[in-house]
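Here the structure of chain R is known, so what remains is to put chains W and L in place on it, guided by the hints.
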Amino acid sequence: MSKTTLTRRGALSLAGAAIGSGAITGFPTLWAQNIKGVTLRQVGTGVSGLNAIAEQVKKDLGFTLQLTVSDTEAVAQRAATQARSFDVADIEYFSIKKVYPTGVMQPIETRRIKLADKIVPIFSTGKLLPTGTPGQGTAPHTVGYVDGKTSTKFASAPTGWMTLMPTIYNADTLGIRPDLTGRPIRNWRDLMDPAFKGKAAILNIPGIGIMDAAMVMESMGNLKYGDKGNMTKEEIDKTIAFLIDAKRSGQFRAFWKTFDESVNLMASGEVVIQSMWSPAVAAVRSRGIACTYQPLEEGYRAWGSGLGLAKHLTGLQLDAAYEYLNWYISGWAGAFLNRQGYYSAVLDTARQHMSENEWGYWMEGKAATADILAPDGKVMEKVGAVRDGGSFNDRMGKVVCWNSVMTEDRYMVQKWNEFIAA
Amino acid sequence: MQADVELISVTKRYGGGAVAVDNVSLAIPPGSYCCLLGPSGCGKTSTLRMIAGHEEVSEGDILLAGRNVTDMAPAQRGTAMMFQSYALFPHLTALENVAFGPRMRGVAKAERLKRAGEFLDLVQLGTMAGRLPSQLSGGQQQRVALARALITHPKVLLLDEPLSALDPFLRTQMREELKRLQRELGITFIHVTHGQEEAMALSDIAVVMEGGRIVQAAHPREVFERPASAFVARFIGGHNVLALPPGSFAVRTDRCRLVPSGGQISGTVTAIEYQGAAVRVVVACPDGQAAEALLPDGLFHAAPVAPGDAVSLGWEAADAHLLATHHAA
Amino acid sequence: MRRSALFSWLQAAPLALVLAVFLLVPMAMLVIVSFFDYDSYSLIPDFVLTNYRESFSSAVTWRTFGKTLWFAGLTWVITFGIGFWVAYYLAFVVRGDMPRMVLFVLCTVPFWTSNLIRMIAWVPFLGRNGLMNSALIGMGAINKPLEFLLFSDFAVVLAFVHLYTLFMVVPVFNTMLRIDRRLLEAARDAGAGFWQTLWCVILPLTKPGIGIGSIFVVVLVMGDFATVRLMSGGQSASVGLMISNQIGLMQYPAAAANAVGLLAMVLLLMAAILRAIDIRREL
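Residue numbers (the working numbering), protein chains in the order written: chain R, 1 to 422; chain W, 423 to 751; chain L, 752 to 1034.
Simulated from the structure, these hints should not be mistaken for lab results.
Be aware that a few hints might be false.
Listing some non-contacts, in silico: residues in chain L with all C-beta distances to chain W over 10 Å [as the list claims (entries may be wrong)]:
#, residue
1, Phe-786
2, Arg-814
3, Pro-850
4, Ser-865
5, Arg-939
6, Leu-949
7, Leu-971
8, Val-1017
List time: in silico DSS-like cross-link candidates among lysine-lysine, alpha-carbon distance up to 27 Å [as the list claims (entries may be wrong)]:
#, chain 1, residue 1, chain 2, residue 2
9, R, Lys-118, R, Lys-366
10, R, Lys-247, L, Lys-895
11, R, Lys-114, R, Lys-36
12, R, Lys-118, R, Lys-311
13, R, Lys-224, R, Lys-238
14, W, Lys-531, L, Lys-958
15, L, Lys-895, R, Lys-197
16, R, Lys-197, R, Lys-118
17, R, Lys-118, R, Lys-58
Bear in mind that the values here come from a model prediction, so they are computed numbers and not experimental data.
No residue lacks a Cβ here, since even glycine has one placed at the ideal position from N, Cα and C.
Extracted from the complex, chain R is given alone in its bound form (with noise of 0.2 Å):
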């Protein structure tokens, strides 16, 4: 179905939207009917648009979720710059943080949220527990939410306003190869152990892999930093000198960008030891080759994504996407993303989507009692096999920092740069 005769039949449904509007929360039945027409389009990266998704979206809800998938600092530019070209925006809290105050999207009102308080509460105080501390950094509850629906100023504590629904998130940690590695690696420092040189990588993405250096730095003992998430302008130089002499040494193989690349990377053993995401590592293991998605004392660097609204979305259109974002945390999705290692918003939900075993394996770190399977079918873990890192309190628990934009963001790229380029 063409886009124009999409719009039209959009905005011709606008009237229907209107009178209906009053009786969203009890009479969705009401205007039923008029969200099969409706197309949402979501940009996002690769890790959650994902068609599986966008198909049980048309199962579900009956209307279309369009999937456009590019990488975390494209998907950022494309939301900040094209504020028309997308309704809705599958993106990471860091890039939150640049994208939303452009003023291109608009806040979610957490009322029409259903499951709202059923989100873990890392994106809402920043603890998994109660007596946790939140990791440094830009953590997801730092960017959560606004003062009010007009505000672009992001509020210190909830309010009604969310910025991003939270629907996807993870601890990030450092992949393995155990067969080349040739000793069990325990903190971040073995990254720039002499053993591995011109086998190690870091990704390229200024803003993560910048914390990737600070855990080594801090690991190593170089460094103590006030905060790895917004560090000075002497904690960035002495981080990108250590880098550039590293670089200079011939301890990095390669700097990776994409999640292919990643993959690739490890999986032709150019690479022993690098950054890594939990569902690369599983692709590596899917083709055979030992990879271990290595749990490190000092914890994990840990990212969250969420779903936020294009400010232009108004009338039926903006009902359907918040049907999307009601569904997405209402167990299918949640239980379709933990079982790729990622963590879903809502677990208790999630949880009624899977069996006893997936969620023993995924979630609670116990031993696998019938093979893992992946999406496709395959089997991607054997009878026995125990997640990499543990229980989902074990691995969660220990994030340390998250994925950041700092205060001197501009200084830090550019100096991120020159370590490129040296």
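Chains W and L in isolation, oriented as in the chain R frame:
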């Protein structure tokens, strides 16, 4: 006296088996102007290119001043070639073009430019030294090409249809100049042409070729007066080739006269062409042969004929030149 | 007279309009934005020199420009070296139009796939455990893998050469085809050997083609970012990559300032090439 250029049973065969030059032998005495003459495809250009060394010889030998040069590079032979449409280097000035040969032979710049200047003067182009070929007229380009060929002091100069690109007036002028140069330099010129007039005007030896073979090689007067075959007679022009008992013979058209009756051949006038000093009368005979007479204008006007008139054509018996029968064209 | 002058203007107008809209306006925008200020999420219309100052006061920027030039220079030398001889072979050694065209089309076969695929194809070949290293080790030529084959400047230049040699071959081949064969005979007749003919006749007459090929190669390399990133494993920088990084981080004014710098450099190089070689004969 030893020949300057000698071809001994030279054959040129191309890839597909086509024979361009078939077992050709020829000796050209020193200091002569030799024209290779014939219709296109007769092998004259291939012969020239083999002498120059730009074409490999399939069989036979080429001797220059007694030296076997068959397998030598062009520059080692002591020949120089002037190419059809001149092949001047478009990126070099006239002077640099002329100096090209010495430059390749490692002559210092000042020296070679000085010499090139002298050769440009020789062809009266001293004032055009700084021009690029594209800024010169066809005649000027030709002189540059000539100077470029001569500067290497060749013993034999090879010219590939040098006059074909010029207009008739320039052609005549250039012809004289070529002849003058050849005489002054005293070297052998071998000149490929398909124009019999050019060959007659220039050559000491005219070599008429047909189908890769030499059909006659002699002084042009000899060729004109005693063509070796019907083909030669026709190609050289000015002849009627007729078959009457006792055989095939050629008779010069200017030796034919119109007679009231009793001539050797009779027929009807089909065309009359006024040429100034002479008038050409074409006669068709009942047996299908055609003949013509070139009459001095006075003679014609004394007894004019018109197309359609029945006439008889006659000549002195001594003027009829018997042709070898196997050359019937 | 007047009418026809007006008519000529009208005839030229569409092209002028297209050029203005698609070339001049974007360039003007680029220059304007390069003077804007920015923060992490928005452009601030202004007239500041900070973008240029920050960029060009940094030794890294100059090194990156230097590196880009070096890539361009090295790639040019190699593509010229290979391209010239390939074109020479096609134009002068191969006999007959048919075989010549067949061989020429054969040269273009790799170009039927995308740049990216041709680049990525090198990875499994050059990698530490790739075909090349396996073969060399198998032959006993080396006993441990050659690391420099992939994710190195070597790999970058190799990919550039692979991607862009055809851009040199085509114009050079085209110019060579137009050289009158009798000129080569004339040179030979005048005593020129192979190299003398090459140097004194073929090379000067091929200059326009070489000029066009050089412009292609230099401009393509100078503007590249994907090849440098992929083949160096992100370890090497080029100006294009630097700009692409900055765009990725939404630092548009900084990217624009660098783009203006790159544009200036490319224009200077083009001017140098055009000064050395008159390509008009070819156009």
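Comparing the hints with the structure gives:
no.	hint	in the structure
1	Phe-786	holds (46 Å)
2	Arg-814	holds (40 Å)
3	Pro-850	holds (13 Å)
4	Ser-865	holds (40 Å)
5	Arg-939	violated (5 Å)
6	Leu-949	holds (12 Å)
7	Leu-971	holds (28 Å)
8	Val-1017	holds (28 Å)
9	R/Lys-118 - R/Lys-366	holds (24 Å)
10	R/Lys-247 - L/Lys-895	holds (22 Å)
11	R/Lys-114 - R/Lys-36	holds (21 Å)
12	R/Lys-118 - R/Lys-311	holds (26 Å)
13	R/Lys-224 - R/Lys-238	holds (11 Å)
14	W/Lys-531 - L/Lys-958	holds (23 Å)
15	L/Lys-895 - R/Lys-197	holds (15 Å)
16	R/Lys-197 - R/Lys-118	violated (46 Å)
17	R/Lys-118 - R/Lys-58	holds (25 Å)
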